[in-house]
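Asker: Sequence:
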Amino acid sequence: MTTAMEQLVAHTILQGFDAMYGRFLDVTAGAQARFEKQDWPAVHLALKKRISFYANHVGLVTSQIQIMLGERYANRDFLMGVKAAYEDLLLDYPRYEIAESFFNSVYCRIFEHRNINRDKLFVHSSQEGRLPTYPTPLTRTYFATNGTQSLFTRLFNDTPFTADWEDKTRDIGLICQRLAQTFGRAFDNNTTLELIREPFYRNKAAYLIGRITLANQQQCPFILPILTNTNGELYVDACIYDADDASIIFGFARSYFMVYAPAPAALVEFLSDLMPNKTRAELYTAIGCQKHGKTELYREFLSHLEHSDDQFVTAEGIKGMVMSVFTLPSYGFVFKIIKDKFAPQKDISHDTVKEKYKLVKEHDRVGRMADTQEYRNFSFDRARFSDALLDELLDVAPSIIDVNDDTIIIKHLYMERRMVPFNIYVDQANDDDLRHAVDEYGKAIKQLAAANIFPGDMLFKNFGVTRHRRVVFYDYDEISYMTEMNFREIPPPRYPEDEMAAEPWYSVGIYDVFPEEFRTFLLINPKIRALFNELHSDLFEASYWRQLQQNITNQQYEDVYPYAKALRFRQ
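With UniProt numbering, the residue at position 102 of the sequence shown is 102, and numbering never jumps.
None of these hints come from the bench; they were simulated from the model. Not one of these hints is a red herring.
Pairwise CB distance ranges, derived in the manner of DEER restraints: (1) Ala243 / His304: 18 to 28 Å; (2) Phe161 / Met5: 43 to 53 Å; (3) Ala243 / Arg568: 13 to 23 Å; (4) Pro160 / Gly509: 48 to 58 Å; (5) Thr314 / Thr153: 51 to 61 Å; (6) Ser349 / Glu233: 44 to 54 Å.
Calculated pairs, DSS-like style, for lysine-lysine (alpha carbon to alpha carbon, straight line, at most 30 Å): (7) Lys411 / Lys346; (8) Lys411 / Lys356; (9) Lys411 / Lys461; (10) Lys461 / Lys356; (11) Lys278 / Lys358; (12) Lys49 / Lys37; (13) Lys565 / Lys461; (14) Lys48 / Lys346; (15) Lys356 / Lys48; (16) Lys443 / Lys461; (17) Lys49 / Lys358; (18) Lys446 / Lys204; (19) Lys411 / Lys48; (20) Lys341 / Lys358; (21) Lys278 / Lys354; (22) Lys37 / Lys168; (23) Lys461 / Lys319; (24) Lys527 / Lys565; (25) Lys358 / Lys446.
Note that beta-carbon positions come from the ideal geometry of N, C-alpha and C, so glycine has one too.
With the hints as constraints, model all of the structure from the sequences given.
Answerer: The structure is reproduced here in structure tokens:
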């Protein structure tokens, strides 16, 4: 039986969570206005602000509890009672799963991530699988009884947008034409469409997302990306109904959606049916509940360990100068730790590296930077590590690794989606895949730069290739804002001897970049050099980079579409 103090602390934690999630929903609710006003700077600020709420409120609740308890109650037995009281509060609570993650965060903050006992945390949910009742119906269902055109007319009339449509009739015709071309007679008056009531917002787009059921009972995801023209009018940019295309839109290298979700478990359950290849961790993270996504990722990792017996190995690819990376061959993620000492040419601190990873999480990743989850005091089974791997990790990062007979505890690490290193991929690619990969590599650099991110170290080893053949950047210790850099042309040599000298004949500042050097440092392979010259030669021109800087300064944000050009109605 819990005591009054245990119940008070449990109430305090839940009230703190309610305050946090209330602010989360308030910022999310403003997404429609930002979209319709085309206020793109505010979109980026809102994303960063919303991410900050969680840690801020965990800190506030932790301080409040420490003041309440002093030295009298702050022991682990007491917190077992608090957890029991907290479980009682969550029995009919609509956001129980995220509230459990919040409890975990407060507990870990109180004990500074030391000596954490799983029994006192929600390592597994207390209400596994419960779907809370949504305060309003999650979806609307539309029937094509009066024709498919009528279905979409009603659907568009029900959307919450207040801006005018550029040409609603045209867009409905394009959608129906695309579906009829793809599905033929199965797209008829027996078609039904179940649409999530709340639009999803990200960057410069809104997305209407649902599930279409055809006359032959085939079910597909259904996504309509909505954009705005220069007059602020709305138009449908594409019609997406392929599970892989939907998965890319919800990809791990993209910013989090803003979607109003008072009971996120029900929303995630619906999305899981649309995209069965996406895990709960990925979907919670995609809708902005990234801290609970972290909890789900850990649970998925524990489940994977129970159903596998392979040993951890060093991840494939060239070893880094700042990070050491290992993985399970059977597992789709890698574990990245910061080395105690960096290579001499890396003049940065551990705190700087962590700040770079934080920057990436808060920034618009435009589908080109992998998201990560950060963990402290991560426990592994010692038996799953070979002596060789453990010796290697202890050699590069002894300060953050504790080893005993049964467990290995790593005090700080990042988990990140595993990809094929780009340098390995291009070595093994056939001609068609190589051309696609080189084009993707150039696009990745351009899209990052347009989003105000200069990758710094653009060597092939710092990029990966996803299962959808997209090229993604994943080495963040040298990234900078584009606006900080000084892009220059190399001055002409003063004398013929200058070109033969070991040192440059011109001064080089710390933020100076000479794009024409990329050709020499990056493109050693003649075949790759020829492809890059054909597809992305503008990246060698300082004027190209300076124009991007000017666009950023003028708040001109480039359009980056999370779907193929061929899917767009406007080619």
